[in-house]
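K.L.:
Sequence:
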Amino acid sequence: MKRKQKTNLTKSTHLKRNKKHFGCLYIIICTIFLTGLSSLNIVYGQEASCSDSQNKKAVKSFEEAKTLFKLRKYEDARKSAATAIDHDPEFAQAYLLQGYIGLKKKEDKLMEQSFLKVIELCPDADTEMYFQLGWFYFDMKKFKEADKLLEKFLSFDRIDEKNAEKAEKMRVKAKLIANPVPFDPKPVKFISTADPEYLPYISPDNELAFFTRRYEVKDRNMLTPQSVEKFMMARLQADGTFDRGEPMSYPFNRGTSNNEGGAAISIDNKKLYFTVNEKGNFDICMSEFVDGSWSDIKNLGPNVNDPKQWDSQPTISSDGKTLYFASARDSITGIDIYKTTLDASGNWTKAVKLGPEINTQGNEKSPFFHGDSRTLYFSSDGWPGLGGFDVFMIKMNSDGKWSKPINLGYPINTEADEVGFFVSTDGKTGYFASNKINGGVGGFDIYSFNLHPDVRPDRVYLQKGDINGKNNEEVIPASIEIRDALTRKITKIDVDSVTGEYAFLVNFDNDLIVSVKKEGYAFESQYVSVKDEENLKPVIQDIEMKKLEVGGQYTLNDILFATNSFQINDTIKSVLAEFADYLTSNPKLRVALHGHTDNVGNPADNRILSENRAKTVYDFLVSQGISTSRLSYKGFGETMPIAANSTEEGRAKNRRTVFVVTSK
Numbered sequence: 001m002k003r004k005q006k007t008n009l010t011k012s013t014h015l016k017r018n019k020k021h022f023g024c025l026y027i028i029i030c031t032i033f034l035t036g037l038s039s040l041n042i043v044y045g046q047e048a049s050c051s052d053s054q055n056k057k058a059v060k061s062f063e064e065a066k067t068l069f070k071l072r073k074y075e076d077a078r079k080s081a082a083t084a085i086d087h088d089p090e091f092a093q094a095y096l097l098q099g100y101i102g103l104k105k106k107e108d109k110l111m112e113q114s115f116l117k118v119i120e121l122c123p124d125a126d127t128e129m130y131f132q133l134g135w136f137y138f139d140m141k142k143f144k145e146a147d148k149l150l151e152k153f154l155s156f157d158r159i160d161e162k163n164a165e166k167a168e169k170m171r172v173k174a175k176l177i178a179n180p181v182p183f184d185p186k187p188v189k190f191i192s193t194a195d196p197e198y199l200p201y202i203s204p205d206n207e208l209a210f211f212t213r214r215y216e217v218k219d220r221n222m223l224t225p226q227s228v229e230k231f232m233m234a235r236l237q238a239d240g241t242f243d244r245g246e247p248m249s250y251p252f253n254r255g256t257s258n259n260e261g262g263a264a265i266s267i268d269n270k271k272l273y274f275t276v277n278e279k280g281n282f283d284i285c286m287s288e289f290v291d292g293s294w295s296d297i298k299n300l301g302p303n304v305n306d307p308k309q310w311d312s313q314p315t316i317s318s319d320g321k322t323l324y325f326a327s328a329r330d331s332i333t334g335i336d337i338y339k340t341t342l343d344a345s346g347n348w349t350k351a352v353k354l355g356p357e358i359n360t361q362g363n364e365k366s367p368f369f370h371g372d373s374r375t376l377y378f379s380s381d382g383w384p385g386l387g388g389f390d391v392f393m394i395k396m397n398s399d400g401k402w403s404k405p406i407n408l409g410y411p412i413n414t415e416a417d418e419v420g421f422f423v424s425t426d427g428k429t430g431y432f433a434s435n436k437i438n439g440g441v442g443g444f445d446i447y448s449f450n451l452h453p454d455v456r457p458d459r460v461y462l463q464k465g466d467i468n469g470k471n472n473e474e475v476i477p478a479s480i481e482i483r484d485a486l487t488r489k490i491t492k493i494d495v496d497s498v499t500g501e502y503a504f505l506v507n508f509d510n511d512l513i514v515s516v517k518k519e520g521y522a523f524e525s526q527y528v529s530v531k532d533e534e535n536l537k538p539v540i541q542d543i544e545m546k547k548l549e550v551g552g553q554y555t556l557n558d559i560l561f562a563t564n565s566f567q568i569n570d571t572i573k574s575v576l577a578e579f580a581d582y583l584t585s586n587p588k589l590r591v592a593l594h595g596h597t598d599n600v601g602n603p604a605d606n607r608i609l610s611e612n613r614a615k616t617v618y619d620f621l622v623s624q625g626i627s628t629s630r631l632s633y634k635g636f637g638e639t640m641p642i643a644a645n646s647t648e649e650g651r652a653k654n655r656r657t658v659f660v661v662t663s664k
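Position one of the sequence shown corresponds to residue 1 (the numbering used here), numbered consecutively onward.
There's no promise every hint is true.
Claimed, not checked - Only pairs whose alpha carbons sit at most 30 Å apart, straight line, appear in this in silico DSSO-like list of lysine-lysine:
hint	residue 1	residue 2
1	K436	K517
2	K298	K353
3	K141	K152
4	K60	K105
5	K517	K464
For the record, the hints were derived by calculation from the structure and aren't laboratory data.
Given only the sequences and the hints, what does the whole structure look like? Please build it.
P.N.:
Structural data, given as structure tokens:
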């Protein structure tokens, strides 16, 4: 139901617009109207004595007007209705008839003023006038007025179902346009060129960008340039921008009959899912990055792909176990969103269509499942919106059920089609491709914009890197634990036993403690604060594991006391709780706890302060069940610096708590 804005109230185009949807609507309305008026009752037979008149001359002129209206003598009917109103200026039924005459004569001003007068005199005299007047104001882009009238129309018990559906859609659209959201899209630098770029996707760690570019090539064997479509990959540069991108090498871009695109990649950048168009048959496939190159393309098979239908636009969950995609396999409901999961054997299960919380009788496509494992973005022309495909957000509740879809808002969504939308890992940036944005580089470009908070995903924390021994001499097959500092919930991940690489992405509702634990190696931990906005960006962190040696000193990270204090805060408690677990897992290990300070203050005071801090750590570990026979403590003040005290950075390193292995 798309209607252009009128520019002249007296020269109406109210009937001509929307002819496709409402061609016979006015005849139906007028028939109903006259049926009701024949007994001086309101439309649909509802009594409304306030609409009647006791003036005989007014009633006589009104009856003449009704007869003339039936005979389609609208100008004469108008005059008689006006005469009735002259005799009785509060004759609501006469104003109502006059409003429908204005509707029939395409005179918007007459229709508007007459219906408003009816509402003033007798608000319940008619139902359809609210729909018509609301529709008129909607066309005039008076959205607040339109919403109020359409809401009133929908409040009546007996209304036309189709008009009710249209009124609901108009209300949604009116509210969206009347309440625009922040939206200032900019072309993604270097990736967007004079050639068309579309189907964008950026890896969760923000290091790789995948997209499709169409451009012309010509060699000496060609009479004219040939247009080619290439699956591209760009890399993040040191300045935070992407390079221009290059066509992906074998096994991709193998020829004009095979096209790839619409990518999604696992959080470790090892498994790439994408769509392959092989001679018109669209299937979802994957390739794995092994030993520095991509493996041969593998079709995900019949459990995922329908051999005769369009299957496309994959998106993968952060744990790599759930794949969402769009498919046209249901001939009744068009394009819908499906999901498949990995079973215990590593095979994809039979794809199932998502329920009516997401899929409608219209079309749904372009799913993007954010790393928070809760938030799904998708495009739909079935849910009420601005027209065409709008982008929606829906969240999965703790019980696994979906909430109600939320329209991302205007002008993110317009009357055109918005598809191919995705969101950065930190949830702050939206990306899409378009050829309708002013300020583009050329044709279809890839854009980014700051996504308003109401439609952002939940906060997540992504960390990746390598775990190796000293000087990268060996790969340590360790495991990583990520503990929620508040709920104490633990997420465990394994480190790649061949490469030593790791990657994890977890929800970031509270502070986190990331620890690496391996028998025979020192305790390594990292405290991640939810208050630090920098932690919303992907973190690259290589970890050096140190072998336990008797006499070896190992720093306990994030044991940071307030100035001149030896009281432990919640952060310190969380880290020490992890260290206590480590000691419990290594029952033969005995340690001495050493406290150190910088050189600020009196040396004697610093020694006492460091002793008290070491004692506080000792007491906490004992409270966690660690035997006193395995622990000792001592303070060294400022006597054993490991960095220069001339800088704040150096002094921070010197304010430390270490554990020394006394036996193992």
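K.L.:
Each hint: holds or not?
P.N.:
Outcome of the hint check:
{"no.": "1", "hint": "K436 with K517", "result": "violated (53 Å)"}
{"no.": "2", "hint": "K298 with K353", "result": "holds (23 Å)"}
{"no.": "3", "hint": "K141 with K152", "result": "holds (18 Å)"}
{"no.": "4", "hint": "K60 with K105", "result": "holds (23 Å)"}
{"no.": "5", "hint": "K517 with K464", "result": "holds (16 Å)"}
Of the numbered hints given earlier, the model fails hint 1 alone.
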